[in-house]
Amino acid sequence: MATTSMEPTKKSLLDRLPVSSHIRQSVGLQRTMLLIGVVLCTVFVVAAIFAPLLAPYGYSQISDDAGSFPAQAEPGGKHLLGTTVGGYDVLSRVIWGSQTALAVIVAAVLMSIFLGVFLGLVSGYFGGWLDRVLVVIADAIYAFPTLLVAIVMSIAINKGQSGFWGGIFACGFAITAVFVPQYFRVIRAETIRLKAEPFVESAQVVGASSARIISRHIFSNATRTLPLIFTLNASEAILTLAGLGFLGFGIEPSSAAEWGFDLNKAMSDASSGIWWTGVFPGMAIVLTVVGLTLVGESINDLNDPRLRGRKAAGAKGAPGPSTAAAQAAIAADVRGL
Amino acid sequence: MATLIDAPPPTVAAPTSKSAGGGLGNYILIRFLLIFPTIFILVTLVFFLMRITGDPITAAQGGRLPQEQIDALVHQAGYDRNLFIQYIEYLGNIATGNFGRTISDGRPVIEMLAKFGAATLELSINAVVVALLVGIPLGMFAAHKRDKVPDAFLRMFAILCYATPVFFAGLLLKLTFSVGLGWFPVAGRASTTTELAMGRLAAPTGVYWLDALRSGNVAAFGDVVHHAVLPAVALGLLTAGVFLRLVRTNVIGTLGKDYVEAGRSRGVSEYRLVTKHAYKPALIPIITVMGLQIALLLGGAVLTETTFEWKGLGYQLAQYLTARDFVAVQGIVMLLAVVVAITNFVVDIAAALIDPRVRY
Numbered sequence: 000m001a002t003t004s005m006e007p008t009k010k011s012l013l014d015r016l017p018v019s020s021h022i023r024q025s026v027g028l029q030r031t032m033l034l035i036g037v038v039l040c041t042v043f044v045v046a047a048i049f050a051p052l053l054a055p056y057g058y059s060q061i062s063d064d065a066g067s068f069p070a071q072a073e074p075g076g077k078h079l080l081g082t083t084v085g086g087y088d089v090l091s092r093v094i095w096g097s098q099t100a101l102a103v104i105v106a107a108v109l110m111s112i113f114l115g116v117f118l119g120l121v122s123g124y125f126g127g128w129l130d131r132v133l134v135v136i137a138d139a140i141y142a143f144p145t146l147l148v149a150i151v152m153s154i155a156i157n158k159g160q161s162g163f164w165g166g167i168f169a170c171g172f173a174i175t176a177v178f179v180p181q182y183f184r185v186i187r188a189e190t191i192r193l194k195a196e197p198f199v200e201s202a203q204v205v206g207a208s209s210a211r212i213i214s215r216h217i218f219s220n221a222t223r224t225l226p227l228i229f230t231l232n233a234s235e236a237i238l239t240l241a242g243l244g245f246l247g248f249g250i251e252p253s254s255a256a257e258w259g260f261d262l263n264k265a266m267s268d269a270s271s272g273i274w275w276t277g278v279f280p281g282m283a284i285v286l287t288v289v290g291l292t293l294v295g296e297s298i299n300d301l302n303d304p305r306l307r308g309r310k311a312a313g314a315k316g317a318p319g320p321s322t323a324a325a326q327a328a329i330a331a332d333v334r335g336l
Numbered sequence: 000m001a002t003l004i005d006a007p008p009p010t011v012a013a014p015t016s017k018s019a020g021g022g023l024g025n026y027i028l029i030r031f032l033l034i035f036p037t038i039f040i041l042v043t044l045v046f047f048l049m050r051i052t053g054d055p056i057t058a059a060q061g062g063r064l065p066q067e068q069i070d071a072l073v074h075q076a077g078y079d080r081n082l083f084i085q086y087i088e089y090l091g092n093i094a095t096g097n098f099g100r101t102i103s104d105g106r107p108v109i110e111m112l113a114k115f116g117a118a119t120l121e122l123s124i125n126a127v128v129v130a131l132l133v134g135i136p137l138g139m140f141a142a143h144k145r146d147k148v149p150d151a152f153l154r155m156f157a158i159l160c161y162a163t164p165v166f167f168a169g170l171l172l173k174l175t176f177s178v179g180l181g182w183f184p185v186a187g188r189a190s191t192t193t194e195l196a197m198g199r200l201a202a203p204t205g206v207y208w209l210d211a212l213r214s215g216n217v218a219a220f221g222d223v224v225h226h227a228v229l230p231a232v233a234l235g236l237l238t239a240g241v242f243l244r245l246v247r248t249n250v251i252g253t254l255g256k257d258y259v260e261a262g263r264s265r266g267v268s269e270y271r272l273v274t275k276h277a278y279k280p281a282l283i284p285i286i287t288v289m290g291l292q293i294a295l296l297l298g299g300a301v302l303t304e305t306t307f308e309w310k311g312l313g314y315q316l317a318q319y320l321t322a323r324d325f326v327a328v329q330g331i332v333m334l335l336a337v338v339v340a341i342t343n344f345v346v347d348i349a350a351a352l353i354d355p356r357v358r359y
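Same order as they appear, the protein sequences are chains Y and D.
Taking numbering that gives the first Met the number 0, the leading residue of the first sequence gets 0, the next gets one more, and so forth.
Taking numbering that gives the first Met the number 0, the leading residue of the second sequence gets 0, the next gets one more, and so forth.
If you're looking for bench data, these hints aren't it; they were derived computationally from the structure.
Be a bit skeptical, because a hint or two may be false.
Selected chain Y positions facing chain D (in silico; Cβ < 10 angstroms) [to be verified]:
(1) V135
(2) V148
(3) E196
(4) V199
(5) S201
(6) V204
(7) A207
(8) V285
(9) T292
A virtual CB, placed ideally from N, CA and C, is assigned to each residue, including glycine.
With the sequences and hints as input, model every part of the structure.
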């Protein structure tokens, strides 16, 4: 690569951080896509964290000192993005919605990583009947439409009406049910591969306990791909949350702002030509998912030298990809979606 | 979506047939037998999860009747019995082909599945047609223009397809083409006259455009197509992004092959190289992935149907879930599980036929 000669021998902390080091590695189109992704993600996170400061009104506020908000007011004036049929301020609900989305992503991905990694390690390391049973169950859930798994889980958990955190965890857990099989499969496959490595065998010979081998030797090696899976799954978590909200199986509307629910309510407005109640929450979903996907894919491409653009791979007229490389590229491309 | 791990899951098929004699036949048999645990597990999970959520009587009458009366009704219907006994009874019923009647509207489950399943099938076929029409040519074009401006735009388009929830795509399409331009109807599968005409047919398949064609009803056919466009585009674009990327990667892969190079040196035009030489071999992996897309498509169908009030399985499923109608939900999930399991089976077999390395 062109940058190799310029790299100092000892990298600074900034260079070793995942995303910033990727920005340095990237060139041209890839860098543009990665940067757009980083900007979109930053906007999303900032909006989520500072929602109370940024949003002009509360997410369930329908009046202020000057009186009740008008219903279905057009964008402009006091309500920059208009109001809904119930008199909610659209801009405020969009901003508060990012907070809900972020909370659900973090809850869902953390829970599924915890469960999936644990089950994958145990199943892959010990094998036997437990492994077989877990694999069959994971495959059955994995093959099923993810949204349906999430719906069934969410009504099973969310019987009683719940508040903000209750709703976040119910949704997060429903999405967890979708992701656990995926993490389980990745980690299990990796564990089985690592189990045969000499360093694991030598640890066994030395007499280390299974718990120690799993937690020290296998865990740190098997979980390297997790940051990538995290970004890819975060976007899917948002889409699943929005789907749940749209179908009315998500968080209670009074306890949090949620983009999918707002879109559901906007459906009936559409036929009378009221576009602002649906377009803005929808744009929020699309931009967030695009941002996360761009970051995830760019990292994936940069980590895999075969997928780096021609320019990055050197302009020496690199030979066409071999069959194996092409197959891997295909696999990676399928994985990305 | 949800295809983090490449390839279908043949990992489960334990390498029993190491002896060369078993071969393909053995693989097919093992793979076939694996369909049943998949369905069994899903049906079991849904049975118990639905029982946790409450019962249909409380869902329908809760708050309207005093608690004692609800309890009496629940007792009468047998929903307060030991869960395990109910489960065994349910399995026995399924084994004898008795799927029961839906609780909320009292239809036989089989009839309900056939009626709404046909609507969902119709939507899925339409969506796949749109996805192929959009995805394959654009993917070939992107591969041809690799790393140039059109390629960058098409890659962004593919990401946008994935990032846009079908209900938002549906909303935008409705706002633009139904409300704004007035070209297409806002919702539904057909106008009332067509629905009535379809209902009068002797042996309907339930797939409206097929029925309209068979009965030679041109007006009805036009009406059905008119209604089908927007939902098909909304759901089709979701899958089109996946196809676009796949075709692009595969064509780029085959474009580097020796025989394509040989064709280029013979003076074959670049257009012909992409559309003839590189394109066909690139299709093989796409067949496998198309099968994997079925789960994505069915999940998307639930949302599309709700968006466009398309009375199919997904639309009904949402209604039945709200009513806690165990029997109907279990029936729908069972059907979906069978469809998904059989598709995966067919895909695995196709993959094994094409590539002998897949077999064990």
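To see whether the hints hold, each was checked on the structure:
no. : hint : verdict
1   : V135 : holds, 5 angstroms
2   : V148 : holds, 9 angstroms
3   : E196 : violated, 20 angstroms
4   : V199 : violated, 21 angstroms
5   : S201 : violated, 27 angstroms
6   : V204 : violated, 28 angstroms
7   : A207 : violated, 28 angstroms
8   : V285 : holds, 5 angstroms
9   : T292 : holds, 5 angstroms
Against the hints set out earlier in the document, violations occur for numbers 3, 4, 5, 6 and 7.
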